[in-house]
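*Asks:* Chain by chain, the residues run as shown.
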Amino acid sequence: MREGIRDKVAIIGTGVTKFGEHWDKSAGDLIVDAVHAACGEANVDLKRDVEAIWASTLYYWSGMSGWIAADPLRFYGKPVTRVENQCASGMDAVRNAAYAVAAGAYDIVVACGVEKLLDQGGRGLSQEIVHTHPVLAWQSAPAYFAPCAVSAFKEWGWSREDLARVAVKNHHNGAKHPKAHFQMEITAEMVLKAPMVAYPLGLFDCCGLSEGAAAVVLTRPDIARSLVGDSYASIKALALAVETQWPYFRPDWTGLALPANVKAAQMAYREAGITNPRRELDFAVVHDCFTITELLIYQDLGLCPPGEATELVKSGVTAIDGEFPVNPDGGLKCFGHPVGATGVRMVAELTKQVLGKAEGYQVKDANIGLAHNLGGPQAIASVAIVGKPD
Amino acid sequence: MAGILSYGAYVPVWRISRDEIARNSGGGSMAGERAVASRDEDSLTMAVEAGLDCLGSLDSQEIDELYFATTSSPFVEKQGAAIIASALDLRRDVTTCDMTGSLRASVLAVKAAADAVQAGRARKVLVLAADARKARPRSDLEQSSGDGAAALLIGAGDGIARLEGFASAVNAIPGPWKRTEDDYPNVFDARFDTRYGFLNDMPQAMASVMAKCEVGADTISRFALYAPDPRSHMALARAMKLDLKTQLQDIMFSSVGVTGTAHSLLLLVAALERATAGQWLLCAGYGEGSTALLSRATGKIEQEQGKHRGTKYALSGRLLPSYGHFLDFKNEIDTGWPEWQKSSVVRYWRDENSALRLHGMKCRACGGLQYPVSRVCALCGAKDSYEDVRLTRKGKVFSYTHDYLLGPGNVPPDGISPTTRVVVDLEDGCRLWLEMTDPDTSEIGVGTPVELTFRLVNEKSNYRFYGWKARPVR
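So the protein lines, in turn, are chains A and L. Under the numbering used here, think of the first position of the first sequence as 6, with each following residue one higher. Under the numbering used here, think of the first position of the second sequence as 30, with each following residue one higher.
No lab work stands behind these hints, which were simulated from the structure alone. Take the hints with a grain of salt, since some may be wrong.
Claimed, not checked - Each computed DSS-like pair below joins lysine-lysine, with the alpha-carbon atoms no more than 30 Å apart:
{"no.": "1", "chain 1": "A", "residue 1": "Lys-319", "chain 2": "A", "residue 2": "Lys-13"}
{"no.": "2", "chain 1": "A", "residue 1": "Lys-268", "chain 2": "L", "residue 2": "Lys-423"}
{"no.": "3", "chain 1": "A", "residue 1": "Lys-159", "chain 2": "L", "residue 2": "Lys-425"}
Stated by the list, open to error - Each pair of labels, with its calculated beta carbon distance range:
{"no.": "4", "chain 1": "L", "residue 1": "Thr-421", "chain 2": "A", "residue 2": "Lys-83", "range": "34 to 44 Å"}
{"no.": "5", "chain 1": "L", "residue 1": "Lys-412", "chain 2": "A", "residue 2": "Thr-259", "range": "20 to 30 Å"}
{"no.": "6", "chain 1": "A", "residue 1": "Gly-162", "chain 2": "L", "residue 2": "Thr-421", "range": "26 to 36 Å"}
{"no.": "7", "chain 1": "L", "residue 1": "Glu-456", "chain 2": "A", "residue 2": "Thr-249", "range": "54 to 64 Å"}
What you are looking at is a predicted structure, and each value in this text was computed from that prediction instead of being measured. Cβ coordinates follow ideal geometry from the N, Cα and C atoms, glycine included.
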């Protein structure tokens, strides 16, 4: 990396729809809501001011190509690119959009993401797109991560109770977020008694199936000040690491660490000039698609040594009022995971927190935070660091 | 001269009690249990299992020809033997052939193999016979049938049993038949077929082969005789004046059922498993006539015994909980699981070495063994520098999950059927991520030993995609 994009790109507007089941809305309807909300917050006119859009979606029933944003927004004659990188698609859209601004190609751009899972014609995540080989290595999404839990149970003596604490913590936070799909507190007993989904992950160990859209408006810091004054957040780092689609075939796979997470985090820390993330960052929004994932992410991000992630939850370190809050928004556990939208929503959450606008779930002294978006079978990790402008 | 060089067999793990079938179908029970092919098994996959059992540590590259005898090939047009040859990792120039149409196709296949060897056109011919016949629900055939497979390796020399002679009788009798458009075999009247077919043709072929070899029935130690049911079996033994206690090979009716084309060879395998040097063994199959083969065990027979699982597969059965499970396994009822419908036959064809032949890649640069085969080493990054290596089929579970979102999977008592997935470390050091079939979920943990089995993985784009799965050690 020569210089990276630290403090070269500002986030001046965010738009997030309610996450949940949107039977009566199309992917386009949700994109229109999110993008117009973001533009409104940024004081820009979509057609006049925005020069390009990066839009992420995974499933083809949500849309294909740049049309997923161009058509519903009637945003024609300008660059629109569909970004797809599995469950990390959203943050990768933000990354590509930010690079265009940092490169000086455009002044004002939009990154947005959407997913309409209920439109895919089946229950749950459609396998149509995930299943990439006729006979090798296919399973449901929870089964991608369940073997990690089995390995962690064996290696460190973790238990289903340890996993349950993550779900309870995130539901406690999400209960206060007006955009969350599941705004309810749960108990450890509910988690442990819920039906099994992929052993040892039960229903509440898994994020729900949700729909929604999110958008952010990006520009250079000097333009940001002219549009919104001080009310903008600054991108400190945006990293992406892609690992194998078939991790379990790797002789060195342990299930105890996700190499993509480790590499993306190291890349982001270098770009942002961070050496001790636990001390230098104030909070994090991470990809808790499953409870075990959140615990492994703590370790991969360097928040604690291997094997000690459960202690961070148990002792309240990662609670919303703890020393290092993780998922103050409720995480994927409460928002669900509309694939293309999630990473964009996470960047919007960071922006809200550092601007002090996270009403009801605001982290104290949130000056700089990290968002982590994960795709595929532990394979594609993106890390964003966003803070107050220097 | 041609001889039997090796033998093998396979019986699926699942059993259904005939009382359970009778309770649900309203007829009388024939008592005992019958073997049932798992949801992902068919005659083709069972033939692979029997072939693996037969080949053991023998070099599969030495096989010149492969015959697959069955009446229940999953394909009407497409050669089963070609897929089997790939799964057994045979040479690319092997001569393959399906033999079908009659339940005695198996004995006919052995005869063809012996002829090819004797003529000097082939050194080693692998004969596989398997059947997983569909029987009309509530029919007698549903209870009497069983699913299974048998294998014989025929080659030059006397082997473990010298093939002394063959004889046939042909009879255009309307015994069981199945037209292309039929879902099940038609049975006009089983008693008619037994009286004018079975009890006429079998003695004729048997007498004929004994006369050719100048051996009397008294001299023959074991008679491995196909029969459609125990009563016909006894009638034949009495007609031939056999000593029921010493000469007649048990037909495994109470534990396996009648395995169609495979059955005559399965019984011969059972006889070989107990034969001693110098003993004469007569095997006869039936179907629009009869073919009998006479063999004589050599001094090498005892070295071979114990090397194969053979009919021991019949001993390790697990009972299906209900007739409903049986109908589900026989594809008579829709399980209701949503299935996405398409897959890429082209990609499957291109990846034959990994998907069917179970080849991994051994990197020439770093020595790392990996699966599936791909051009660049996952460990050191060396490009296009590897050898294809056939992987071992035994290993241990490194990690696992029971996936309740994908099904239908195994058969636990609670009625919920998760699909078990395992990360397996093979004995050769290669690591695989596999579906586990026929699991007992309560017996799977980190470190559990497993072995690899060739199964149907899915059925999409109107094609049958076969591949490798893990299963409990049997």
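*Asks:* Would you mind marking each hint as holding or not holding in the structure?
*Replies:* Quick rundown of the hints versus the structure:
1. About 38 Å separates the Cα atoms of A/Lys-319 and A/Lys-13, which puts this hinted pair outside 30 Å; it is violated.
2. About 34 Å separates the Cα atoms of A/Lys-268 and L/Lys-423, which puts this hinted pair outside 30 Å; it is violated.
3. As the CA atoms of A/Lys-159 and L/Lys-425 are separated by approximately 15 Å, the hinted pair is consistent with the 30 Å bound.
4. For L/Thr-421 and A/Lys-83, the hinted distance range of 34 to 44 Å is not satisfied, since their beta carbons lie about 58 Å from each other.
5. Under the hint 20 to 30 Å, the C-beta atoms of L/Lys-412 and A/Thr-259, about 26 Å apart, fit the expected range.
6. A C-beta distance of roughly 32 Å is found between A/Gly-162 and L/Thr-421, which places it inside the suggested range of 26 to 36 Å.
7. In this structure the hint that L/Glu-456 and A/Thr-249 lie 54 to 64 Å apart at CB is violated, the actual value being about 24 Å.
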